[in-house]
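Go by the hints and put chain G onto chain C.
2 protein chains.
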Amino acid sequence: MRKIDPDLHHRRRLQILEAAAICFIRRGFHQSSMQEICSQAKMSPGALYRYFESKSQIIEAIAEEDRSETKHFLDEIQQHDSFIEGFMQAVKSRITQSLKEDYARLAVEVLAEVTRNPKIAKRFIANDKQMKTSLVQMLKTAIKNGTVNPTIKPDAVAELLIATIEGIEGRAILNPNFKFRSVAPALEEMISQFLRPDRPA
Amino acid sequence: MRKIDPDLHHRRRLQILEAAAICFIRRGFHQSSMQEICSQAKMSPGALYRYFESKSQIIEAIAEEDRSETKHFLDEIQQHDSFIEGFMQAVKSRITQSLKEDYARLAVEVLAEVTRNPKIAKRFIANDKQMKTSLVQMLKTAIKNGTVNPTIKPDAVAELLIATIEGIEGRAILNPNFKFRSVAPALEEMISQFLRPDRPA
Numbered sequence: 001m002r003k004i005d006p007d008l009h010h011r012r013r014l015q016i017l018e019a020a021a022i023c024f025i026r027r028g029f030h031q032s033s034m035q036e037i038c039s040q041a042k043m044s045p046g047a048l049y050r051y052f053e054s055k056s057q058i059i060e061a062i063a064e065e066d067r068s069e070t071k072h073f074l075d076e077i078q079q080h081d082s083f084i085e086g087f088m089q090a091v092k093s094r095i096t097q098s099l100k101e102d103y104a105r106l107a108v109e110v111l112a113e114v115t116r117n118p119k120i121a122k123r124f125i126a127n128d129k130q131m132k133t134s135l136v137q138m139l140k141t142a143i144k145n146g147t148v149n150p151t152i153k154p155d156a157v158a159e160l161l162i163a164t165i166e167g168i169e170g171r172a173i174l175n176p177n178f179k180f181r182s183v184a185p186a187l188e189e190m191i192s193q194f195l196r197p198d199r200p201a
Numbered sequence: 001m002r003k004i005d006p007d008l009h010h011r012r013r014l015q016i017l018e019a020a021a022i023c024f025i026r027r028g029f030h031q032s033s034m035q036e037i038c039s040q041a042k043m044s045p046g047a048l049y050r051y052f053e054s055k056s057q058i059i060e061a062i063a064e065e066d067r068s069e070t071k072h073f074l075d076e077i078q079q080h081d082s083f084i085e086g087f088m089q090a091v092k093s094r095i096t097q098s099l100k101e102d103y104a105r106l107a108v109e110v111l112a113e114v115t116r117n118p119k120i121a122k123r124f125i126a127n128d129k130q131m132k133t134s135l136v137q138m139l140k141t142a143i144k145n146g147t148v149n150p151t152i153k154p155d156a157v158a159e160l161l162i163a164t165i166e167g168i169e170g171r172a173i174l175n176p177n178f179k180f181r182s183v184a185p186a187l188e189e190m191i192s193q194f195l196r197p198d199r200p201a
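Sequences listed follow chains C and G, in order. Numbering-wise (my numbering), the first sequence opens with residue 1 and increments by one. Numbering-wise (my numbering), the second sequence opens with residue 1 and increments by one.
I should point out that these hints are in silico values taken from the structure, not numbers from a laboratory. Heads up, a few of these hints could be off.
What the hints assert, rightly or not - Looking from chain C toward chain G, a few residues come up when the C-beta cut is under 10 Å (computed):
| id | residue |
| --- | --- |
| 1 | M43 |
| 2 | P45 |
| 3 | R94 |
| 4 | Q97 |
| 5 | D128 |
| 6 | A156 |
| 7 | I165 |
| 8 | A186 |
| 9 | M190 |
Claimed, not checked - Over the 10 Å line for every Cβ pair with chain G, so calculated as not near, a few chain C residues:
| id | residue |
| --- | --- |
| 10 | R12 |
| 11 | Q15 |
| 12 | M34 |
| 13 | Y49 |
| 14 | F52 |
| 15 | R67 |
| 16 | E101 |
| 17 | N145 |
| 18 | T147 |
| 19 | N175 |
| 20 | P200 |
Think of the CB as a built atom: it goes at the ideal place given N, C-alpha and C, for glycine as much as any other residue.
In isolation and in its complexed conformation, chain C is listed as follows:
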């Protein structure tokens, strides 16, 4: 039996996912063929089919990537004693990475597919729910610890924080000159003024 090199397997998988992302951004999910993804990944169809049998499997792998990035984001927040500080650090890492990877353009393709394909929708909606549930829990804990203002409603605030991050990630599409570093200080000021435990009513 042929031995599988797990590192090589992982690298090849990433290579295909990156190629697929480039194709989806360039021509859309439905217009991109497996053939084009092969050319972009510089792999033969036989080699590619060993990893993914269809575009659906590729988009499921993108959902899995999204799940693991969400987990990473949430873990990063928890590495800090203060929710506000942890959240800002995690947002900075995430948005810097998103902008570098042209994530917003891929996200638009993925979201278009989410609105049409219930199976795909289920995966991304589950990731989103995980994000929200965890943020609500962290906000509740932070309120107990006295590091977040006790008058805020955790559920509404979690939703608003997610909306704000997603909105910033999307800015790159309509503002070609968008630089995260130009809004990061204002974002930090807004979030910390809002959430800090000692703010006046």
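Coordinates of chain G only, in the frame set by chain C:
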């Protein structure tokens, strides 16, 4: 010569745009044919072609709608003496309307097209720039009038406010239970704590 009834013309145009939006949401911009838009609008191809000769013309009309909604949004802010109050009112009208019209799903289709079609991109990017330039101007005036905190950077804040609104509009896609009224008070609190002239440093 046949007389044109301007009211009827306007209604028919809207009827087509609404039908096109339904088709684009259902199957995507590229998968939707003029034929399908005709069926959805319950019009003959001959009748429809009198209004729009191509899908490109339809998406240009959607860009024009977007421009007029942006103008309406900006006008609504200026009907109030306080920027913060005006902004919140305008946001409430806009988001309520967006959610009612399933705007987020159409926006995803439009944004996907923006990433691929430079001619379409130009129109939406111009609308976005108009939004930003006007918000920066309003923030500068509000700082002069003493109704907005003078330490904020108008350019960064305008960008952040746009991101926040767009992020909220997009929430309906990944959170099927999203209700704007559940986040509106938190949004108002966050914006007003951040922008109010008398906040502590």
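For each hint, the structure was consulted:
1. M43: violated (25 Å)
2. P45: violated (24 Å)
3. R94: Where the cut-off is 10 Å and the nearest Cβ of chain G is about 14 Å from R94 of chain C, the hint is violated.
4. Q97: violated (17 Å)
5. D128: Holds. Min distance 4 Å.
6. A156: holds (4 Å)
7. I165: holds (7 Å)
8. A186: OK, holds: A186 of chain C within 10 Å of chain G, min 4 Å.
9. M190: At about 4 Å, which falls below the 10 Å cut-off, the nearest Cβ of chain G leaves the hint on M190 of chain C intact, so it holds.
10. R12: holds (27 Å)
11. Q15: holds (23 Å)
12. M34: holds (18 Å)
13. Y49: holds (25 Å)
14. F52: holds (22 Å)
15. R67: holds (13 Å)
16. E101: holds (14 Å)
17. N145: At roughly 20 Å from the nearest Cβ of chain G, N145 of chain C sits farther out than 10 Å, so the non-interface label holds.
18. T147: Fine: 17 Å to the nearest Cβ keeps T147 of chain C off the interface.
19. N175: violated (6 Å)
20. P200: Non-interface label on P200 of chain C violated, nearest chain G Cβ at 7 Å vs cutoff 10 Å.
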